[in-house]
Amino acid sequence: MWRQAKWDEPIIFELNTSGTERQGVLIPKEEELSQIDINLPDYLRRNEVNLPELTENEVVRHFVRLSQMSYGVDVGMMPLGSCTMKYNPKIEEASQVITEEYHPLQDEKTVQGTLEMMYEIQEWLKEVTGMDACSLQVPAGSAGELAGVLMIKKYHNETGNVKDEMLVADTAHGTNPASASMAGFKVIYIRSNKEGLVDTELLKATAGERTAGFMLTNPNTLGLFEENIADIAKVIHEHNGILYYDGANLNGILGIVRPGDMGFDVVHLNLHKTFGVPHGGGGPGAGAICAKGKMVDYLPYPLIEKSETFYAAIPKKSIGKLTSFHGNIGNVARAYVYILGLGKEGVSQIGKMSTLATNYLIYALKDTKLELMSPERPRKHEVVFSAKRIADETGVTAFDIAKALLDDGFYAPTIYFPPIVEEALMIEPTETESIETIRSFANSLKRILDEAYRNPEKLRDSPYNTAVGRLDQARANHPASVTPSYRIERKRRESKNDLILK
Amino acid sequence: MIHPWLPNLKSKDRILSEMGINEEKLFSDIPHEIRLKGELNLPKVMSELEIKRKLNMLKEKNVKLKYPPFIGGGVCPHYVHEAVKFLISRSEFYTAYTPYQPEISQGILQALYEYQSIMAELLEMDVVNSSMYDWGSSLAEAVLMGFRINGRRKVIIPELINPNHEKVLRTWVEPRGINLIKVKPSNDGTIDVHDLLNKVGDDISSIYIQQPNFYGIFEKNIEEIVDIAKKKRIVTIMGVNPLALSLIKPPGVYDVDIAVGEGQELGLPLNFGGPYMGIMAVRWDAKLVRQMPGRIVGKTLDDKKRPGYTLILQTREQFARREKATSNITTNEALMAIANAVYLSLLGKNGFKELGEEIYRRSHYAAKRFIELGASKKFEGDFFEEFAVSFRKSYEKIHNKLLEHEIHGGLRLNEMDALFCVTEVHSKEAIDELVSIVGEI
Numbered sequence: 001m002w003r004q005a006k007w008d009e010p011i012i013f014e015l016n017t018s019g020t021e022r023q024g025v026l027i028p029k030e031e032e033l034s035q036i037d038i039n040l041p042d043y044l045r046r047n048e049v050n051l052p053e054l055t056e057n058e059v060v061r062h063f064v065r066l067s068q069m070s071y072g073v074d075v076g077m078m079p080l081g082s083c084t085m086k087y088n089p090k091i092e093e094a095s096q097v098i099t100e101e102y103h104p105l106q107d108e109k110t111v112q113g114t115l116e117m118m119y120e121i122q123e124w125l126k127e128v129t130g131m132d133a134c135s136l137q138v139p140a141g142s143a144g145e146l147a148g149v150l151m152i153k154k155y156h157n158e159t160g161n162v163k164d165e166m167l168v169a170d171t172a173h174g175t176n177p178a179s180a181s182m183a184g185f186k187v188i189y190i191r192s193n194k195e196g197l198v199d200t201e202l203l204k205a206t207a208g209e210r211t212a213g214f215m216l217t218n219p220n221t222l223g224l225f226e227e228n229i230a231d232i233a234k235v236i237h238e239h240n241g242i243l244y245y246d247g248a249n250l251n252g253i254l255g256i257v258r259p260g261d262m263g264f265d266v267v268h269l270n271l272h273k274t275f276g277v278p279h280g281g282g283g284p285g286a287g288a289i290c291a292k293g294k295m296v297d298y299l300p301y302p303l304i305e306k307s308e309t310f311y312a313a314i315p316k317k318s319i320g321k322l323t324s325f326h327g328n329i330g331n332v333a334r335a336y337v338y339i340l341g342l343g344k345e346g347v348s349q350i351g352k353m354s355t356l357a358t359n360y361l362i363y364a365l366k367d368t369k370l371e372l373m374s375p376e377r378p379r380k381h382e383v384v385f386s387a388k389r390i391a392d393e394t395g396v397t398a399f400d401i402a403k404a405l406l407d408d409g410f411y412a413p414t415i416y417f418p419p420i421v422e423e424a425l426m427i428e429p430t431e432t433e434s435i436e437t438i439r440s441f442a443n444s445l446k447r448i449l450d451e452a453y454r455n456p457e458k459l460r461d462s463p464y465n466t467a468v469g470r471l472d473q474a475r476a477n478h479p480a481s482v483t484p485s486y487r488i489e490r491k492r493r494e495s496k497n498d499l500i501l502k
Numbered sequence: 001m002i003h004p005w006l007p008n009l010k011s012k013d014r015i016l017s018e019m020g021i022n023e024e025k026l027f028s029d030i031p032h033e034i035r036l037k038g039e040l041n042l043p044k045v046m047s048e049l050e051i052k053r054k055l056n057m058l059k060e061k062n063v064k065l066k067y068p069p070f071i072g073g074g075v076c077p078h079y080v081h082e083a084v085k086f087l088i089s090r091s092e093f094y095t096a097y098t099p100y101q102p103e104i105s106q107g108i109l110q111a112l113y114e115y116q117s118i119m120a121e122l123l124e125m126d127v128v129n130s131s132m133y134d135w136g137s138s139l140a141e142a143v144l145m146g147f148r149i150n151g152r153r154k155v156i157i158p159e160l161i162n163p164n165h166e167k168v169l170r171t172w173v174e175p176r177g178i179n180l181i182k183v184k185p186s187n188d189g190t191i192d193v194h195d196l197l198n199k200v201g202d203d204i205s206s207i208y209i210q211q212p213n214f215y216g217i218f219e220k221n222i223e224e225i226v227d228i229a230k231k232k233r234i235v236t237i238m239g240v241n242p243l244a245l246s247l248i249k250p251p252g253v254y255d256v257d258i259a260v261g262e263g264q265e266l267g268l269p270l271n272f273g274g275p276y277m278g279i280m281a282v283r284w285d286a287k288l289v290r291q292m293p294g295r296i297v298g299k300t301l302d303d304k305k306r307p308g309y310t311l312i313l314q315t316r317e318q319f320a321r322r323e324k325a326t327s328n329i330t331t332n333e334a335l336m337a338i339a340n341a342v343y344l345s346l347l348g349k350n351g352f353k354e355l356g357e358e359i360y361r362r363s364h365y366a367a368k369r370f371i372e373l374g375a376s377k378k379f380e381g382d383f384f385e386e387f388a389v390s391f392r393k394s395y396e397k398i399h400n401k402l403l404e405h406e407i408h409g410g411l412r413l414n415e416m417d418a419l420f421c422v423t424e425v426h427s428k429e430a431i432d433e434l435v436s437i438v439g440e441i
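The listed protein sequences correspond, in order, to chains B and V. Here the first sequence is numbered in my numbering, starting from 1 and rising by one per residue. Here the second sequence is numbered in my numbering, starting from 1 and rising by one per residue.
For reference, chain B alone in the conformation it holds in the complex (with noise of 0.2 angstroms):
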């Protein structure tokens, strides 16, 4: 049975407990410069941080045990839906030799080969997504779309078109009205059908002369294609929107149809979900945002692009920049890597093969009471299952299956989301999944829907062999007790009144 490491490990600050001084690594110094004084005046002399003081050896343990305490692709599958926890190959590492000592405002002339590698993907991005410009500014995919409802807001204001409305799909991704509501525009949602897709006539009632642009995602969170997608562009375009996609699901579909052939004049990427990028514990990931036509010149800059030589050009009309130099090129350079080494033959698989692993695993869970919208429609990136039966009959939510996953050693699927979905439990295996895996992942969720008819009370309490228990989620959150620093733990160990946030 599978059982997570359970330090018992204390907060860094207290791990020395000598109150002598202890330092991790020496700092490099020039000793014919030590004569040189530094006369800050008391204003703004500053006499100590208070930081830890622990050997190299001791900050190295304690991470150790940390990560020990965590769980990544690496350790084992996550099928956290619209997430894309692909497996990240280990040669993508490698990419960093082209990144990691040039600075970002650097001559370009003496960083010619990684602007190079920054104008391939460039050109590599375009092709997959059937559009005519790609930026890699956008450092996140949220930051992929904040730039391109930007565009379209300025595509607006400088065509002299007064419009305000962002239409958002009820399936949609948070990020979407985040990032419409982030840019000033107003969010109607679009209610879907009884089959879980965009409701045209609904879409068409609604657009108008205010609609600067619908977001989309297709595949859709339920992991449906938006089979109406020609009709929904031409309905957008007559009332002169533009077709916003949303690239996190692009993985059930790459190599299969392409968002600039649906109709699409802005996309953004995740390279952190579709091309492999590691996650990093939320961050850092990589993203792409790409244009078609009259929305080129709008880009945010740089876009890399080649004379004699490479450099570095901004679009005529371009709505600026989103982040303070060229975008998480680091992480670029390993989805370039990741393209690299699958080349067309594997890029054009990947659509297929994450389809054929979510069907697959619709398949093997068929005869359960996970109850499916639309059942005769293929999946495609990624499942949502509703567990409202199993609730109802049990008491056992789909946060308790979640629970339950973790116990065998899986991470659990994304949960109550989309929220038109009840007690939704959000699947995506990926292609990197072999199907051994998937069959085993399959069989523990079939043994926990089947515990939950014998034994709910011990789901409702699990996980059981993780480092921790369920969490108090009310005393984390409430003003007296939130605790989000060491500083505040002192605080409060030090005062006599109660520190309450207010």
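These are computed hints drawn from the structure, not numbers from a lab. Certain hints may be false.
[Claimed, not checked] Pairs of lysine to any residue residues, derived as SDA-like cross-links and limited to a Cα-Cα distance of at most 25 angstroms, are as follows:
id	chain 1	residue 1	chain 2	residue 2
1	V	10	V	24
2	V	52	B	366
3	B	458	V	302
4	V	182	V	220
5	V	184	B	112
6	V	353	B	28
7	B	292	V	23
8	B	366	V	353
[Said to hold, decoys possible] Footprint (simulated), chain B over chain V, 3 or more residues, beta carbon under 8 angstroms:
id	region
9	105 to 118
10	317 to 325
The structure presented is a predicted model; accordingly, all values stated were derived computationally and were not measured. By construction, the Cβ of each residue, glycine as well, lies at the ideal position given by its N, Cα and C atoms.
Based on the hints, put chain V in the right spot on chain B.
Okay, now just chain V, sitting in the frame of chain B:
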């Protein structure tokens, strides 16, 4: 085709026949008219060895420099210790996802909590989030926070703000109708408080102070500026080079509302633009904390009353609040935050101070040598790490001459001026060579 990253390629037919379908059934919902015709125009599949050759070929096209570049502008070359690289390469960290399932993700949650805690000590502020993208985008989010708090649409920024951050700020906030007003520097390069007073009114949303400013110069009237702002209920935002905080007072001392900064200087390589690490912190004030973007890890107890960590205050975030969220940020720079925590833990109290002092001395030594050559400093104020020099010749010429010697000089500011960055990676010997080549021109 057989491929090491695609385990089911060869068993596809068997799997399909077990399911009793053909492949076309899986894609029957994709209209034929829009499907990709022909093959993708991408390079052919490569083995690891071929990939490495390709990468080395690209590396060869970059100029091999004798020393790390003398260039800053908000990110600077620093030495990254092997233990930092080793620890953030632990698979369980670097292939993890956002710790939505806290029971199985305690280690990474604790590591992020420790980042927040260490950064809180560095800044002397109580609440730090677990990372933004970089300094520029942190600043933009801070200004948007200020707007949400008081609804005002004018923001005061210093003329000597890092121009790279200013570009980001404009992209993020101007489409919201927020206007940036610049306050002039005095002769020493610090904010001119008189000019600031002329511009402050009840319509100002926030005031931004960068410490040290773009030219590396320490601001000196921060207390007074914060005082002026507080009287008008203006949100105060301070941007800091976290490495300078080894020597100078942190933002918490001035009681500013929001602090932002760049964690690149604490254990990250240059990465040609990123990944970097946006620092963001706020005071212990519910109004500020509830408006803060990004993820926050908190400490709590598990069902057996053992201490444990989890993501907290998530009702601020996009997946819960959608269009009413404080920000759209999801993917952040978590692994870089862990790198910051490891780096600062290794340096410790003493090493951090020593590093700050060494950088101060080396950068002052370099500036002094340039002045001895007849160049002049653009501003007289004291500085850290970066400094601006006016030469009597075209800087372009100096730059190209340096490149002939495989040395990358500073950042060209205009015809005769350049901004140099000198850190612990630049030995005295390297500095001497830099200066003597400039002297030869």
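Hint check:
1. 10(V) <-> 24(V): holds, 17 angstroms
2. 52(V) <-> 366(B): Cα-Cα ~45 angstroms, so violated.
3. 458(B) <-> 302(V): holds, 17 angstroms
4. 182(V) <-> 220(V): holds, 18 angstroms
5. 184(V) <-> 112(B): violated, 38 angstroms
6. 353(V) <-> 28(B): holds, 13 angstroms
7. 292(B) <-> 23(V): The hint is violated at about 31 angstroms.
8. 366(B) <-> 353(V): violated, 62 angstroms
9. 105 to 118: It holds, with 12 qualifying residues against the three required.
10. 317 to 325: holds (count 9)
Hints 2, 5, 7, 8, counting from the list given before, are not met by this structure.
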